[in-house]
Amino acid sequence: MSALTGNGEQGDGERVPPGGGLTTGEVARRLGVAPTTVRTWDRRYGLGPEDRTGGRHRRWTAGDVARLERMCALTATGLPPAEAARLARGEEPPPPTPERRAPARETAAGSRRPPARSRAGSGLRLGDVRQECKGIARAALRLDAAALDRLLLAAITDHGLVAAWTEVIVPTLQAVGRKWESSGERYVEVEHFLSWHVSGALRRTTPATVADRPGATTVLACVPGENHTLPLEVLSAALTERGVPVRMFGGALPVESLVAAVRRTGPAAVGLWAQSRTTASRPLAQHVAGMEWGVRGARRRPVVLTLGPGWAGQTVAGLARPAGLAEAVAALESVVAR
Numbered sequence: 000m001s002a003l004t005g006n007g008e009q010g011d012g013e014r015v016p017p018g019g020g021l022t023t024g025e026v027a028r029r030l031g032v033a034p035t036t037v038r039t040w041d042r043r044y045g046l047g048p049e050d051r052t053g054g055r056h057r058r059w060t061a062g063d064v065a066r067l068e069r070m071c072a073l074t075a076t077g078l079p080p081a082e083a084a085r086l087a088r089g090e091e092p093p094p095p096t097p098e099r100r101a102p103a104r105e106t107a108a109g110s111r112r113p114p115a116r117s118r119a120g121s122g123l124r125l126g127d128v129r130q131e132c133k134g135i136a137r138a139a140l141r142l143d144a145a146a147l148d149r150l151l152l153a154a155i156t157d158h159g160l161v162a163a164w165t166e167v168i169v170p171t172l173q174a175v176g177r178k179w180e181s182s183g184e185r186y187v188e189v190e191h192f193l194s195w196h197v198s199g200a201l202r203r204t205t206p207a208t209v210a211d212r213p214g215a216t217t218v219l220a221c222v223p224g225e226n227h228t229l230p231l232e233v234l235s236a237a238l239t240e241r242g243v244p245v246r247m248f249g250g251a252l253p254v255e256s257l258v259a260a261v262r263r264t265g266p267a268a269v270g271l272w273a274q275s276r277t278t279a280s281r282p283l284a285q286h287v288a289g290m291e292w293g294v295r296g297a298r299r300r301p302v303v304l305t306l307g308p309g310w311a312g313q314t315v316a317g318l319a320r321p322a323g324l325a326e327a328v329a330a331l332e333s334v335v336a337r
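Numbering (numbering that gives the first Met the number 0), first residue to last: 0 to 337.
Since the hints were derived computationally from the structure, they do not count as laboratory data. Cβ atoms here follow ideal geometry from the backbone N, Cα and C, with glycine treated the same way. Among the clues, some could well be false.
DEER-style ranges, computed between Cβ atoms [claimed, not checked]:
| no. | residue 1 | residue 2 | range |
| --- | --- | --- | --- |
| 1 | 248 | 275 | 14 to 24 angstroms |
| 2 | 323 | 198 | 13 to 23 angstroms |
| 3 | 157 | 282 | 40 to 50 angstroms |
| 4 | 185 | 258 | 39 to 49 angstroms |
| 5 | 292 | 253 | 12 to 22 angstroms |
| 6 | 208 | 300 | 19 to 29 angstroms |
| 7 | 258 | 294 | 16 to 26 angstroms |
| 8 | 253 | 42 | 46 to 56 angstroms |
Whole structure, please, built from the sequences with the hints as guidance.
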């Protein structure tokens with residue numbers, strides 16, 4: 000039971016209803032969602048408590064909470080909220096009628112096609128994406144940790160790491176990014192929450208490390224000033240999954256530390272990630288590519304890959320710039336195989 004404040008209210012400011020039952024704040028904490036989400040489901044979809052204490056105070060019974068748990072589970076699969084609410088209330092879905100079908104759109108060639116799926120039912124513009132994106136987006140917006148973990152692990156298991164990242168996780172991250180950019184810096188917590196859980200899912204679905212093989216190690220690091228590590232974490236997980244030894248150094252590695260890491264590991268390849276053009280450094284990439292080690296007459300150099308959108312327009316002669324995760328994995332596997 001949550002502690003009460005001195006004025007007979009919950010810590011979240013909601014008055015405790017007499018006669019037992021749960022307050023909206025307690026229900027929200029139990030479900031792992033925001034109290035505003037619970038109130039919205041009550042107001043918009045009729046999923047409120049059967050008993051009220053007078054005024055607007057709500058008292059939620061076990062049956063009321065069970066309906067909300069059903070609502071959470073259904074929306075987490077990508078089902079539209081209105082349809083999920085009908086099922087949560089135990090209602091049969093209405094039969095399809097011609098009036099309910101969305102009109103087809105004309106293409107440039109005059110052919111007709113169904114309209115693109117453009118929203119997640121939560122204000123996120125996702126476009127024509129896999130169904131899993133919608134469930135993940137809703138779970139992230141609700142800050143529903145349990146549902147988000149379950150959906151991310153299912154996507155990776157069902158599609159494989161590379162396809163799950165490219166076709167499910169990236170479109171959802173991009174939609175969240177567009178949301179906060181257009182909302183006056185709101186929803187930043189959603190992006191951080193989603194990124195953290197993606198990182199956790201990667202660790203749970205891939206081996207921790209691969210034993211070193213001389214001359215086969217890949218070094219991965221963000222360039223100085225760059226802290227966007229998630230794409231490198233995915234690349235590291237994909238390489239580890241394929242048996243490639245990886246040394247991951249994460250965000251904003253100082254120049255002297257990067258040079259020391261390369262000299263100490265003698266890697267076959269080095270991947271340098273830059274999210275922003277302001278952090279991508281052509282001289283740094285060229286310097287790493289020119290480093291040598293080993294005995295005289297048999298010196299070796301690393302193959303350097305410039306990774307991330309920050310390198311757009313910063314092409315470094317002689318260095319590969321893979322277009323995406325699959326291309327980067329293939330390139331690094333090829334280098335290690337040689």
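Okay, the hints, checked on the actual structure:
Hint check: residue 248 to residue 275, Cβ distance near 18 angstroms, so the stated range 14 to 24 angstroms holds. The hinted range of 13 to 23 angstroms is satisfied by residue 323 and residue 198, whose Cβ atoms lie roughly 19 angstroms apart. Taking 40 to 50 angstroms as the suggested C-beta distance range, the pair residue 157 and residue 282 conforms, at roughly 43 angstroms. For residue 185 and residue 258, the Cβ-Cβ distance of about 41 angstroms falls inside the hinted range of 39 to 49 angstroms, so the restraint holds.
Taking 12 to 22 angstroms as the suggested C-beta distance range, the pair residue 292 and residue 253 conforms, at roughly 20 angstroms. Taking 19 to 29 angstroms as the suggested C-beta distance range, the pair residue 208 and residue 300 conforms, at roughly 25 angstroms. For residue 258 paired with residue 294, a C-beta distance near 20 angstroms keeps the hint of 16 to 26 angstroms intact. As the Cβ distance of residue 253 to residue 42 is approximately 53 angstroms, the hint placing it in 46 to 56 angstroms holds.
Violated hints for the displayed structure: none, as all numbered hints are satisfied.
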